[in-house]
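Here the protein sequences come in this chain order: A and B. Each residue of the first sequence is one higher than the one before, counting from 1 in my numbering. Each residue of the second sequence is one higher than the one before, counting from 549 in my numbering.
Quick caveat, the hints were computed from the structure, so don't treat them as lab data. Careful, some of the hints might be misleading.
What the hints assert, rightly or not - Here are the simulated DSS-like pairs of lysine-lysine, each with C-alpha atoms no more than 27 angstroms apart in a straight line: (1) A/Lys189 with A/Lys207; (2) A/Lys438 with A/Lys96; (3) A/Lys494 with B/Lys557; (4) A/Lys272 with A/Lys92; (5) A/Lys92 with A/Lys70; (6) B/Lys551 with A/Lys421.
Stated by the list, open to error - Using C-beta positions, here's what the derived DEER-type ranges look like: (7) B/Leu582 with A/Glu509: 48 to 58 angstroms; (8) B/Asp613 with A/Gly381: 37 to 47 angstroms; (9) A/Glu297 with B/Ile570: 18 to 28 angstroms; (10) A/Ala394 with B/Ile570: 46 to 56 angstroms; (11) A/Gly536 with B/Thr565: 46 to 56 angstroms; (12) A/Thr277 with B/Asp595: 47 to 57 angstroms; (13) A/Gly116 with B/Ile570: 30 to 40 angstroms.
All C-beta atoms in this analysis are idealised placements derived from N, C-alpha and C, irrespective of residue type, glycine included.
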Amino acid sequence: MRNWSTQKEALALRRYAGQRYACGKIVALDDLPRFLEAVLRPGDRVCLEGDNQKQADILAKALANLDPGKIHDLHMVQSGVVLPEHLDVFEKGVAKRLDFSYSGPQSTRIARMLFGSKIELGAVHTYLELFARYFIDLTPQVALIAAVSADRDGNLYTGPNTEDTPTVVEATSFKSGLVVAQVAEIVDKVPRVDIPGDLVHFVVDAKKPFYVEPLFTRDPGAITETQILTAMLAIKGLYAPYGVRRLNHGIGFNTAAIELLLPTYGEKLGLKGKICTHFALNPHPTLIPAIEAGWVEQVHSFGSEVGMDDYLSARSDIFFTGPDGSLRSNRAYCQVAGLYACDMFIGSTLQIDLQGHSSTVTTNRIAGFGGAPNMGSDSRGRRHPSEPWLKAGADADPDTAEGLRRGRKLVVQIGETFGEKNVPLFVEQLDALELADKLDLDLAPVMIYGDDVSHIITEDGIANLLLCRDNDEREQAIRGVAGYTDVGRARDRKMVERLRARGVIRRPEDLGIDPLDADRRMLAARSIKDLMLASGGLYQPPSQFRNW
Amino acid sequence: MEKLSFTMKPSTPATGTRARAIVGVVASGNLEVLLERNLPANICIIDIATAAPGFAAVWEAVIEDFVTRRPAGGLHISINDGGARPDMVSLRLAQGVRLIEELEA
């Protein structure tokens with residue numbers, strides 16, 4: 001007779017072993033190393049919560065300090081490889097295999113360790129894709145998560161940075177896995193229940209808040225005139241003609257410039273209410289002036305942003321907030337929202353090749369993807385119409401009858417032709433291919449595939465790839481906006497002029513934009529301090545951004 | 549420090565009457581552009597001192613486009629470059645031409 005409850009029995013054993021170091025559900029910080037040793041088993045699939053923003057940092061540290069003689073060969077399944085400890089576990093031999101999405105600050109070290117075979121790589125995912133696998137074939141046996149506070153029953157308050165927690169707990173706890181949370185304090189009653197206590201087995205009293213990275217704060221003081229020019233091109237040449245109201249902005253200075261031009265340049269063009277009314281977006285501080293000027297109706301967020309909490313609570317008509325008043329974010333839901341309910345994704349990248357494939361992987365940096373491949377892809381499951389979606393679909397496929405023609409999401413890559421240190425944005429071949437070759441990967445880590453990209457915007461103009469009818473046109477459209485890079489200078493000038501005549505390429509002058517008008521005085525806020533003032537003092541910038 | 553010099557035949561002479569103009573700053577990623585109106589109207593000379601050597605082909609392309617698109621005839625332009633990107637160079641050159649068109653303040 002087969003035993004159908006082995007997982008429940010294994011969970012009971014883990015709970016029993018952990019109980020030695022707990023009082024009720026509460027584990028003291030001093031007991032954390034022995035506690036983890038008691039509940040973990042070699043080879044466990046472990047989700048250590050951490051994404052591009054919040055981090056279960058205390059649990060990460062403890063995990064990295066375990067004795068690899070006792071706990072080893074763990075399979076880490078986590079959104080973000082962000083803290084040094086996330087890689088220390090591999091260096092020490094506590095963990096062996098890794099499936100992840102994003103690795104911003106650790107991108108150089110993770111590349112080195114992959115080349116040194118210190119990590120057995122499963123795959124680099126988009127967030128939503130990794131979450132999906134939590135429910136199919138990468139279900140965690142143990143989840144180590146982070147919250148703001150807990151009560152004695154294990155009910156958790158995650159505060160504004162709820163992010164991945166509900167998804168991780170759902171997949172782990174309902175599949176008989178063990179859930180351990182670090183919290184800053186134990187309280188009698190949590191301000192709101194983000195995670196019900198019966199899904200949480202142990203709570204570690206870390207006595208300090210989890211770490212959050214202010215990833216989405218862009219100092220308006222650092223926005224260049226060229227970035228302002230690209231933002232003007234985007235607003236006048238894309239947002240306006242397509243009537244883009246529902247969208248996601250990636251991280252970066254170009255999109256920050258767009259946000260800061262809405263109340264000035266956008267207002268002048270009479271676009272208020274016609275564009276940028278609904279966002280799937282982290283609470284970017286640079287969106288404050290547009291919100292205050294009445295541009296934005298609604299924003300759903302993946303996570304929060306350091307310093308924005310009071311502002312978000314005070315603007316509950318715009319943001320999603322709980323009965324306690326603070327923001328409720330949710331990465332999985334927001335990623336779904338970006339995939340199915342947004343008509344545009346616009347963001348930056350490090351490399352674009354001649355077919356429009358883009359990647360943030362370079363030969364010595366593996367930054368992962370985060371949400372971009374998901375937000376920046378055309379959902380084949382979408383069925384509801386909208387003006388921009390139908391118009392983009394008609395651009396791409398004018399010959400199919402309207403009733404049977406799919407719409408298209410606008411997937412826009414925006415940037416300057418040369419990036420930091422004069423590195424060209426456009427390349428003949430992505431470094432990702434070389435990396436895939438060296439690491440013997442089946443797939444090159446491409447962030448956005450060329451066939452998903454609808455437009456590329458640089459200071460040189462806008463290339464509409466939907467209007468290209470073959471690969472040659474596509475290549476010349478890309479070369480045509482690649483400026484003075486090698487790729488740009490190798491353009492076929494005659495063909496580029498023909499593409500321009502057809503509107504496939506549009507230069508600033510074709511849109512009535514004089515590059516000399518791209519002036520920093522057009523920004524609705526020119527410094528972090530301006531943003532704080534625009535928020536009526538509700539936005540409290542983190543210390544590294546305070547220079548006054 | 550690399551020095552480059554280009555003598556160009558622009559399509560249009562610079563407008564206005566101002567004798568000289570200066571835009572930009574010498575800083576990393578930026579450049580200073582001095583424009584002097586002291587050449588025959590069908591010639592433009594551009595002298596470059598750059599902190600980033602090895603980009604002569606890019607400079608040439610930027611300058612060719614500049615003299616095609618902007619009225620630059622009669623100008624002697626001296627550039628002090630701190631490794632600015634081409635988009636910044638184009639912008640400063642265009643700003644310089646516009647400034648020299650304006651009436652003396």
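Status of each hint after checking the structure:
1. A/Lys189 with A/Lys207: Holds. Lysine 189 of chain A to lysine 207 of chain A sits at ~17 angstroms (cutoff 27 angstroms).
2. A/Lys438 with A/Lys96: holds (20 angstroms)
3. A/Lys494 with B/Lys557: holds (22 angstroms)
4. A/Lys272 with A/Lys92: Roughly 55 angstroms between the alpha carbons, so the hint for lysine 272 of chain A and lysine 92 of chain A is violated.
5. A/Lys92 with A/Lys70: Roughly 12 angstroms separates the two Cα atoms, so the pair holds.
6. B/Lys551 with A/Lys421: holds (20 angstroms)
7. B/Leu582 with A/Glu509: 48 to 58 angstroms: Since the Cβ atoms of leucine 582 of chain B and glutamate 509 of chain A sit about 27 angstroms apart, the hinted range of 48 to 58 angstroms is violated.
8. B/Asp613 with A/Gly381: 37 to 47 angstroms: holds (45 angstroms)
9. A/Glu297 with B/Ile570: 18 to 28 angstroms: Given about 47 angstroms between the Cβ atoms, the range is violated.
10. A/Ala394 with B/Ile570: 46 to 56 angstroms: This hint holds: roughly 50 angstroms between Cβ atoms.
11. A/Gly536 with B/Thr565: 46 to 56 angstroms: holds (49 angstroms)
12. A/Thr277 with B/Asp595: 47 to 57 angstroms: holds (51 angstroms)
13. A/Gly116 with B/Ile570: 30 to 40 angstroms: violated (53 angstroms)
Of the hints listed earlier, those the structure fails to meet are numbers 4, 7, 9, 13, in rising order.
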